[in-house]
Amino acid sequence: ANFKQPLERLVRQFDPEQQHQIAISSASTGVLYTQIRQGAPFDILLAADSARPERLEQEGPGIAGSRFTYAIGQLALWQPKGHPDSLKDLLDAPLAIANPRTAPYGLAAQQVLKALDRWQPAQQVQGSNIAQTFQFIHSGNVPQGLVARAQLIQQSIPPAQWVLVDPELHQPIEQQLIQLQRSAGNPLADAFIEFLHSAEARQLIEQNGYVPGKGITHAAH
Amino acid sequence: MSLTFAVQHHYNGFDLDIELQLETEGITALFGPSGCGKSTLLRLLAGLEPAQQGRIHFHGECWQDSQTGTVLPANRRDIGLVFQDARLFPHLSVQDNLSFSAPYRRGGMPLDASLLIDQLQLAPLLLQKPDTLSGGQKQRVALARALLSRPRLLLLDEPLSALDRESRRLIMDLIEQLQQRHALPIIYVTHAVDEVLRLADHLVCLQQGKVIAEGDPLQLFGQQGTLPQLGNRALLRGRVAQLDIQDRMSAISCGRDLPPIWIAGTDHAQDTTVTLSLQAEDIALSLQPLSGTSLQNQLPVELVSIDQTNSDRPWVQVRFGDHLLPVSISHRALTQLELRPGQQLWALIKSIAVEH
Amino acid sequence: MSLTFAVQHHYNGFDLDIELQLETEGITALFGPSGCGKSTLLRLLAGLEPAQQGRIHFHGECWQDSQTGTVLPANRRDIGLVFQDARLFPHLSVQDNLSFSAPYRRGGMPLDASLLIDQLQLAPLLLQKPDTLSGGQKQRVALARALLSRPRLLLLDEPLSALDRESRRLIMDLIEQLQQRHALPIIYVTHAVDEVLRLADHLVCLQQGKVIAEGDPLQLFGQQGTLPQLGNRALLRGRVAQLDIQDRMSAISCGRDLPPIWIAGTDHAQDTTVTLSLQAEDIALSLQPLSGTSLQNQLPVELVSIDQTNSDRPWVQVRFGDHLLPVSISHRALTQLELRPGQQLWALIKSIAVEH
Amino acid sequence: MLPTEQDLAALWLTLQLASLTTLILLLLGTPFAWWLAHTHRRWKVIPEALVALPLILPPTVLGFYLLLAFAPDGILGAPWHWLTGSGLAFTFTGLLIGSILYSLPFVVQPLQSGFEQLDQGLLQAARSLGASRLSCFRRIVIPLCRRSFLTAITLGFAHTVGEFGVVLMIGGNIPGSTQVLSIALYDHVETLEYARAHWLAGGLLLFSISLLLLLYSLNRRQQAEIIR
Amino acid sequence: MLPTEQDLAALWLTLQLASLTTLILLLLGTPFAWWLAHTHRRWKVIPEALVALPLILPPTVLGFYLLLAFAPDGILGAPWHWLTGSGLAFTFTGLLIGSILYSLPFVVQPLQSGFEQLDQGLLQAARSLGASRLSCFRRIVIPLCRRSFLTAITLGFAHTVGEFGVVLMIGGNIPGSTQVLSIALYDHVETLEYARAHWLAGGLLLFSISLLLLLYSLNRRQQAEIIR
Ligand SMILES: Nc1ncnc2c1ncn2[C@@H]1O[C@H](COP(=O)(O)OP(=O)(O)OP(=O)(O)O)[C@@H](O)[C@H]1O
Ligand SMILES: Nc1ncnc2c1ncn2[C@@H]1O[C@H](COP(=O)(O)OP(=O)(O)OP(=O)(O)O)[C@@H](O)[C@H]1O
Ligand SMILES: [Mg+2]
Ligand SMILES: [Mg+2]
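Chains as they are written, first to last, in the working numbering: chain A, 1 to 221; chain B, 222 to 577; chain C, 578 to 933; chain D, 934 to 1161; chain E, 1162 to 1389.
One thing to keep in mind: the hints can contain errors.
To give an idea of the chain C side of the interface with chain E (calculated C-beta under 8 Å), a few residues [claimed, not checked]:
#1 Ala623
#2 Thr645
#3 Thr647
#4 Val648
#5 Ala651
#6 Arg664
#7 Arg683
Hints were generated in silico from the structure; no laboratory data involved.
C-beta: ideal position from N, C-alpha, C; glycine also.
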């Protein structure tokens, strides 16, 4: 879900005259995975993580080798009422993160906090996905939280209020896509994936607050 | 009508077991104390509750037969039922309650609605909702609703209980007319003796779910055996033998070589048969005929029996022709007149109610 | 009791406007045709519906006063109300219906429940649910429920309409006892003349929401003016002057230097006052005293007036002492006896109903 | 800010779904409720309890199980596939079935309680006047249980409009075919498009409240008639 | 496979939430429904319609707006903060308020229809026998509207148990304080831990159905008594 807007932009750029029928069905990656397992009529899955595309690849619905990282999410500490310079500025107050079990950003946040030895579940408010986490803070119910840089940019939050988290502190938040069996021999699908590799696409992804993926090569491990 | 049935029905604490052939045209009165099973019987006949055991046949068609397991649903029996509690439809105006049955095909005779509404004085109520009606108004609406449903058989469960004497008299006339004009068979549940006297062509006495007496009211009234309510009254049937227009009186002959009984009024045409009801309290006895009194009827009678079980008022039976009349007199009269069976006496009769 | 009220209430199509001071101890009968406003009046008195205009005071305490805007809620008025439709609680057994009011503090006299249950023959029904009761049974339960609620004022709305003669007689006795033993004031709505005769100490006649006559039944009965139902009967109040134990008869004297009237039975002790009800149809006239008849009462009377408006039965009034008796005789008797006002006659009275 | 074509499509789809669901539920639920209200079977408590079960599970989870049932080899999907040759999941029919199942209790239960409070004596009277079971139901039961039907309709309809967990799961949020308004709205919120979310929510509320107001005013008129 | 301690905590929390919500809803909803059933005000249709509104919005969206309202400067959060000094969001109280709001129609509407079908004559009789308004309600209205209350309770309770969109939003999934069963279940499905999902769902269903069966059997006994 969190990549929906960038995706819409990508689609618009890929197909300015809208001569093709490209429908975006957004939901949490878990839901989408379940649906695909049950034969949902999808051609390409842009997941929010790498785990579920891998599973799909192993379990069959995904076309082997079509998997690659189209974007890497970046975690940021956001304090609407402050101007943090680094994670040192974590307040001793409730902290909003995404649910580590369901959301990659949550997992990353967990890794970061553990690394900093600031892991205090009692003080954490978990959103079931990164969007909710953002809303917790945005609505003013939580003073701070670890959210996606993409969101901060999308909502044009003044840079003073947030600081990027050192990517070394957590596993990269790889968002992978995988082409599904259903799309076999669907030129449009192939074309779109081609397009995602293109420079302009990567640039647009960057503008939306993600680090563009490094291509198929990286996806191997 | 021919309504023949034999039904058994059991509630815990109450057993109903009734077998009847009602061949009579006209009005059959169901008479009996509270809780004797009158309403239950009507429910069974109407098919609102199938009898647990038994069969019901109306004009040859089978309404229920627990052998074959056939039960004709209530709405297919074309009966008109006036419930003891009116059971008007609360969401419908009086008007709509009355016309409720209009859409349905029914076997009976259609009546003139507007006329009936006038006769039952419902005109001012047509737009009211049932919950704004008085008890008697509800009852009248319920009656009208049943009558207008074109029934082939009318079941009335104490239809006049909530009405004043005037309305009751009016409605009894109405019911009788209906019965006669449309030959509509009616089963009429009541507690009131006067309604029985006024309406019943056939009388069925119930007690604790059983028939204890059944037949022509003339037979049932006046004999000690049956229900106490009926004992103190004799019904005589006779024909109008003579009309005295000037004095506005009619002579009723109750049998050849019997002197006529004079009644007030000349409403009944020559030779029509009427029923006279003589109450034991209204008859006095005299040793010789009297003159110079306003008593119009002095009947030669023979004393049949004297019954002194009732401490206060000894009970005397006298024979007038082959009619038995109950007479209730005082002990003192008994001793003064030295009454004994076989004696020839004159029965002084002041007032005579003419039932119909 | 002292229940004084002046209430106005309007429904579209009906206006009620009644002002009464009911000072009398005892039973006040509300008498009137269907739809005249009896139940409405009871609702207003009970406070189930506040009167749109007016005031109600009971024993000095104010139940309603539309000036000051005070309305005492129904449950604080300690009235016992028997509705025309029984309104038993369907989810409670008869037993629980009867004991419903037990938890509440009420001003009236507590009765012996088990005794009352026997008197009303409810014992076998205690465990039944209302929807399994017969009409009459419902009505009896409703009555018992109200009586057991320890009311200070009892409002009965046609409490006997669904009952047979025997039960009615029993319950009327019961009500009278209650009234006398506990001095429980009762307002009694009815259509039935016999209930009025039997019970009423005070009579209020309603018509279309207005009081058309009010007072002592003795005055109201027998005079032509009032309701037709009351016209054909005279009520005489007298005291028991003599008891004839042997013949089981009592002599009632209705005024000094008047011959006594003999009635059957010796139930009433010497010198107690009783009310006799003489029906016009039960009185005959004779030019001279008679002998050798079972007629026990031959009263010297003077003919007052003759009214021939009723075509069939001329209507004659005779004076017995200072009591006026209505007599209905035939045209023929009128001519035969050459009756005219002022004439001295003998009134032959066969049966006399003793009301109480 | 104008509604996007997508939003309108979603709105239209939602209305179709909600009305159809309510309609079918009334058709199925009424006889069922009637039976529940009048049978004296001991075991009737079991269907009674089962009716309420769909409520217990979180929508998404219910949807998840429905998805399994809808699978071509699932207990629902298999027969359906055999009948129609097509699948259930991610189709409008699938959504319909899901919504019906999920909104069942909102229709059955109010109706049942309405029917149980009904005065049987009136039905007897109607029968004795010649009304068949059916016209008895039409002319006595429905008007006297009007309010219960109203409740059933309101709850059933509103709940179908708002419900999205099930729909999201078995529908697959496919614009034009299974993306109903609730999901679109959900999307807007999830993707932080607040402006559009507000707009959509406002519109939805406005629309619904006017619908409800209409419904209730009609009912009130009726009622005013009934209670003099 | 045993339930994790977390699951149990969630179960316990869910029960608390559901029971409390139902209880409070009964306390608030009954008088409200009574008023709706008996007032003759023209404008009563407005509250009538408003009651149903929470249903219209998708739970998460409703939750989202609640979140805004709960904010320290929100229309609910501000006064609450002023009163208690603490926030509403991510607290049990917050959850409670959310659930109450969301389940309101399920309680109010069945009760209202029950009250409207009640025979006023019986209330008059009870009053005339000395029953105050209150004991009239206790001894006549409640037993006669038993089925409506049952419906209200069932729908209210079950819906609170299953509902999770709102809870997810305003609860913040804090184990032991706001993580209810529905969310745990959702998590399991979300994270593809099907085995545990099945187990939990099964348990939840089993538990609920036995609860409902108990409820209905009790009701049935009562009823059997009432209808001879
Ligand atoms: N459903 C029922 N369950 C149990 N007993 C019942 C049921 N219906 C009627 N009874 C009993 O059957 C008997 C007859 O009832 P029914 O209504 O027929 O009497 P009734 O003759 O109409 O009396 P009334 O003149 O008072 O109306 C009563 O004792 C009543 O208690
Ligand atoms: N709520 C109401 N709205 C309109 N009219 C009403 C209402 N209640 C009673 N009425 C009318 O008031 C009149 C008197 O009704 P009420 O019930 O007092 O008569 P009643 O004397 O008890 O008659 P009955 O002896 O038949 O019971 C009737 O004409 C009735 O239609
Ligand atoms: Mg009866
Ligand atoms: Mg009345």
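Consistency of the hints with the structure:
Restraint check, alanine 623(C) versus chain E: the minimum CB separation of about 5 Å is within 8 Å; hint holds. Hint status for threonine 645(C) relative to chain E: violated, with the closest Cβ pair at about 22 Å, above 8 Å. Nearest Cβ of chain E to the Cβ of threonine 647(C): about 17 Å, over the 8 Å cut. The hint is violated. Residue-level restraint check for valine 648(C) is violated (minimum Cβ-Cβ distance to chain E is 13 Å; threshold 8 Å).
Below 8 Å, beta-carbon pairs count as interface contacts, and alanine 651(C) has one with chain E at about 4 Å; its hint therefore holds. Using the Cβ-Cβ criterion of 8 Å, the hint placing arginine 664(C) at the interface with chain E is satisfied: the shortest such distance is roughly 4 Å. Hint on arginine 683(C) holds. Least Cβ distance to chain E is approximately 5 Å, under the 8 Å limit.
Going through the hint list in order, the structure does not satisfy hints 2, 3 and 4.
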